[in-house]
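My request is simple: use the sequences and hints to build the entire structure.
First to last, the sequence lines map onto chains A and B. For the first sequence, counting from 1, position 203 maps to 203 in our numbering; every step adds exactly one. For the second sequence, counting from 1, position 132 maps to 132 in our numbering; every step adds exactly one.
Keep in mind that the hints were calculated from the coordinates and are not lab data. There could be a bad hint or two in this list.
Claimed, not checked - For the chain B half of the interface with chain A, some residues (derived, Cβ under 8 Å), not all of them:
hint, residue
1, 65
2, 69
3, 83
4, 84
5, 87
6, 91
7, 92
8, 94
9, 98
10, 107
11, 112
12, 115
13, 122
Ideal placement from N, C-alpha and C gives every residue a C-beta, glycine not left out.
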Amino acid sequence: MQTISPPKSLAPQKARISPLLAGLALLLALFAVFALSITQGSVQLSWHEFSLALLREGDPRYQTIVWDLRLPRVIAALVVGSALGVSGALLQGMLRNGLASPFLLGISAGSGLAAVAILGLGIWQIWLPLGAWLGGVVTIIIVYLLARTGTGISVERLILGGVALSSLFGAVQSMLLLLSPDGQAQAALSWLIGSLNGRSWQEITVAGPSMVVSLFAGCLLARQLNVLSLGEDLAVGLGTSLMRSRVLIGLVATLLAAGAVSIAGLVGFVGLIVPHGIRLLVGTDYRLVLPFSALGGALVLAVADLLARLGPTEVPVGIVTAVMGAPVFLWLLHHRRRLAGGL
Amino acid sequence: MSLNGSLDTPSSSPLEAQQLSGGYDDKRIIEAVNLTLVRGEWLSLVGANGSGKSTLLRLLSRILPTQAGAVLLNGKAIHTLPSAEVAKQMALLPQQQVLPAGLTVQQLVSLGRTPHQPWWQWDLDAKSLEKVAIALAWTEMESYRDRPVSELSGGERQRAFLALALAQDPQVLLLDEPTTFLDIHYQLQLLELLKRLNQQQGLSIITVLHDINLAARYSDRIACLRHGKLWAVGSVPSMLTPKIMREVFDVDAAILDTPVGLQICPLAASQTATAPSIPDLQIPNQISDPQIPGPQNQIDSSKSPTYADPSYADQ
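Okay, structure coming up:
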């Protein structure tokens, strides 16, 4: 029951720059990426063509490109990215573990299994997003039930349960993939890597509203996370119900991650890295970390998707986030170590 | 102890344990403890290692759930109260602190206002800011406001966490071994500060203290725990007796009257049944004991076999 302080490397020093400035910079960058994402691609649009198309005027081809192809895709990237960022920040805060990501508690394995099963059976493919959402949520419910102790929910058991179920479901998923015909395996693989290719308004209108609500709900949990960062005993002393806060935070994080998965599949690294970068930027106060993680996640995924589209052949955005993410993560760790004065 | 006896309706005690039992998971460590904190007093829980004094404090502060009995906070069962309501009346200083890096003293102490803030309130209101300022003033931490807590020395850090607890504006303060990681100067400094809070603000205090002499010096009453049960409770002079020291701590002690009140001077570890038995060389008759120490014998006889028993060594 003794609480120990988190390793220094996971918790950065205080804010480097003023939050206002950081927020403005992020918003500016978001706007720039948004504009680039809509104008750039296999068909390039000038500012004039773009603004005409946005007003539903001019060349109908351009209108289609802007309104039906690029705009939903960019918005999907923004929503998914911010959901993953906030979900990661919530879980890292609650578990007081910098390795926590939206997928740590088994959501990826559950969604992945459901998706592979649906694709493998070749039925209900329209329901893939919903099936993946359900698979992830059901898995997390199992993990939470496993983590129940007589009186509360143990953080260690949450992590262990998530890891155990992940490897179990991962094995089943691999077996299904091996047994399935090539075409289906291909489709499943692109989904497992995470892709925003061809996302339309439909996916966004199904999952989007609940995710936006969850984003706001997540930000409202900031004060709870701040108290939880003082350790279990003191959090109880300050009037926090560990059970309630763990269920609440887990619920919001799950809704966000499952919504993201239902739109884009398993996009890795965003939920892990963005909160780290944000803490480096604005410090450890979750009242800042959570909203900034939303902005940061949106920015990172939008940039990654832009890069994924701009190459000679389009690659799934999940590959871009992984390729960008791993070195950035290592750089962050190194940078932080220098800031913390060795560790 | 002028209040003693004059106010004995249940609601007059800020904190009361009734037949309280509990422990970790299924293990029961504290067994049927009845303890009443008198308003405005400083009560210290003492006992040997493993006597359950920290567990009792964790039960009182509802970090651990009760298995039987109840804890009453101002007359109301603590487990039926909303947790924020409890935290408005009672604050806790755990033995070990977690230090989120980068957190400043001001930010830390502000978190003490959490139970008083509605969930939608993003920042501290004027009243809360004032309470934080008062807490910082009491603990003499005003000039450390903007320093990261992780860069403070042990004594300063403990004062910062005490300020956090004071910002809760509690009637009852529970402290688990507050002096453990402090050297003697900071130990006295912290306890003197608590004494001032106790006497000038009427704060009721329960401390778990390892050091019986510090407990005797600062507290009004001492509660002695032994094997999870409340062995004795009473004023300092009534507890600081050679008999109780032997029963509770397994030490032979002399009681000295010093300028800071009664103190104990431990003389030797008592030779009791619980002390580890030294190979017993005084019973040569056992060597000639005709009994062969079979398994039955070993279980039956608490005395044999001893290390001095050659037949045992032969086996």
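Against the structure, the hints come out as follows:
no.	hint	in the structure
1	65	holds, 5 Å
2	69	violated, 16 Å
3	83	holds, 5 Å
4	84	holds, 4 Å
5	87	holds, 3 Å
6	91	holds, 6 Å
7	92	holds, 3 Å
8	94	holds, 4 Å
9	98	holds, 4 Å
10	107	holds, 7 Å
11	112	holds, 7 Å
12	115	holds, 4 Å
13	122	holds, 7 Å
When each numbered hint is compared with the structure, a violation occurs for hint 2 only.
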